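Work the whole structure out from these sequences, hints included.
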Amino acid sequence: MNSAWTDKKLNILVVEDSSMIAMLLEDLLVDLGCTVLGPAGSVAQALAALQGCEKPLDGAFLDVNLGSETVYPVADALLTRGVPFVFLTGYAAHGIEPRYSVIPALKKPFLASAIENAVKRFSGQA
Amino acid sequence: MSMILSITSMTFRYGVAGVVIALAALLLQILQAHFGPMPPYITFYPSIILITVVARSGPGILATLLAAIYAEYFLLLPHRSIMISSAGAYISLGVFILMGVLISILAGAFHRLRDHERNLDAQALRSSEDRFRTLVEGVQDYAIYMLDPQGIVVSWSHGAERMKGWQEQEVVGQNFSRFFTPESASAGRPGRVLEIANAQGSFHEEAERVRKDGSMFWAALTITALRDEVGSLRGYAVVARDISERKQAEREIAGGRARLASIVDSAMDAIITIDAGYRIILFNAAAVAMFGYPVDEVLGQPIELLIPQRYHAGHAEHVRKFSVSGVTSRELGDKRTTLHGRRSSGEEFPLEASISQSEGDYGKLFTVILRDVTRRKHAEEQQSLLLGELAHRVKNTLAVVQSIAGQTRRFATPETFYGTFTGRLAALGDAHDLLTRSEWEGAALAEIIRFGLAPYGEPAMEARWKISGPRIWLAPNEAVTLSLVFHELTTNAAKFGALSNGKGKIMVSWEVTPAEAPETLVIRWREHGGPGVCLPQRFGFGSKLLERAVAHELKGETILEFPPSGFECTLRMPLSQKVKIQT
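Residue numbers (the working numbering), protein chains in the order written: chain A, 1 to 126; chain B, 1001 to 1583.
No lab work stands behind these hints: they were computed from the structure. Fair warning: there could be bad hints in the mix.
[Said to hold, decoys possible] Here are the in silico distance ranges between beta carbons for each label pair: (1) A:R81 x B:S1509: 40 to 48 Å; (2) A:D31 x B:K1555: 22 to 30 Å; (3) A:D31 x B:F1417: 16 to 24 Å; (4) A:E97 x B:D1265: 43 to 51 Å.
Keep in mind it's a predicted model, so treat the numbers as computed, not measured. Backbone N, C-alpha and C define an ideal beta-carbon position, used for all residues, glycine too.
See the structure below:
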């Protein structure tokens, strides 16, 4: 896939507890010319990755349900930093807490084009 | 009979007149014998008066004539002759006869007057008695009879006959105790009720009585003591009414009430009735269990006691609206809102209710039937949670399938894609089977490895692999990942390694280290006796999965080795809540 729509390599965080799905996202993002931070499988891992990240973060894909926990602390950290992100969820839209209603949510399984559109939004091109 | 009596009586009366005059004459003779000559009529005047008083005018006139004849013949001179010697004697005889006749006529008039009065009195008495008798006999629905002071029946009405079955002649002269049931008669009840009536003037009771045929009936009785002018007891008047039908109706109502009460009290739902002032007047056993108040604590209390504070105003308004709606019953609340009750502990709980209204003796009554739906609501929430969870898993699994499809496409040729992809889907399906067995709690490592080898696990093949290690428990995601890992390893062994030549063997063993305080799980996959091992040019999805998924999800590391004896793979991962020793 070409990355003609951006000159810059976007730095994207992926938080997803299922390694198979994380692998899929990673492949899609790499194909889109992004570098992937993570993938993180838990809130702790994600926050640690945020702390240790030297490059500015351009966006994030957050799986809402991480098994025994939800991803909201990571979402809050990203909101604080002004990093745009989208949720990934297996639930219908109402499965996300109302206070995040302005955050776009991608439903699993997701289209490659939906990921691409989200990345475009992160880069400020859409 | 009365004619003979009157003739006899007449003969008797005139006879009396003759006898009395004879006696008077005799008395006159005796007086003259002792005291010398006497006035000739001295004994006759009183005799005539006596006769007219006793025997009326006819015998009086007869007596006068007899006395006159006697006096003229024996007393007036010359004796024993009808001749009269002097004018004075004539005059005295005439005066005597006149006086006697007058006395007789006057007495007769007096007697007739008296008789007439008597007749009038008797007629009046007779018609009054007749009316009374007609009244007593005419009252069919009441038994009216009289008793003497000892309780012996002395009169008996038609109504009594109809009610009790005895004829007048059968019962007059009998003691009234025979009207009582054998038990109360033998307990002395008949004497007792007369005592009370005597002492208090009258006695009233509703009791069972016996008919002639032995059947029982319910009677309302009033026994009144009868006294004469000086207050001494003359007997008793008894008025009785058959109230069997009323008693039957009362029993049916009471039976109906008892049945209703037992239904209300054995109902599984709480049943509460409130009056027009919204105060509780009925609270059944289920209501006691539901709200935790004993019955006597809630009766008379406002219904608000059972309703959370925030619903009080709305509740009163709802009941008022229902009251004027004209509808007799309906469900409370609607589909969208859940009604709540408040237990004595203050705890609130969801409920369903229906309400009905009826007119009671003291105004409108509302009955509410309530069902505690705490458990059902809980089950519904649980169900909706499970459905959400299921949707999440299904969608996640579809995303995993999507990932597998993507990975397979990257490394497979169009010819190999379908077989490889479906093999991986089968491995994913096996992992789900394992997880479903434990209700998605997780799966045992040994099981995952066994499932991974399963396609090659026919009896002939079983001798070619061996697995050993302590019991390790894996969380769902970890279990899925390792299932796919072992599927890849097995597939590779079947294509290129120990399972490809018909005699190679695979040994999978695992251990936790260090032994005294385990921190790390080490899994070793070793192949022997396969065709000569060469470094693979294209390891594909399997190695990517090992390197990346194991690193990501299991936070572990993978070492792949290719010694001449056979392929070896070592997985090291930290023990955690998701990868743990099974106890």
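Here is how each hint holds up against the structure:
no.: 1; hint: A:R81 x B:S1509: 40 to 48 Å; in the structure: holds (47 Å)
no.: 2; hint: A:D31 x B:K1555: 22 to 30 Å; in the structure: holds (26 Å)
no.: 3; hint: A:D31 x B:F1417: 16 to 24 Å; in the structure: holds (19 Å)
no.: 4; hint: A:E97 x B:D1265: 43 to 51 Å; in the structure: holds (48 Å)
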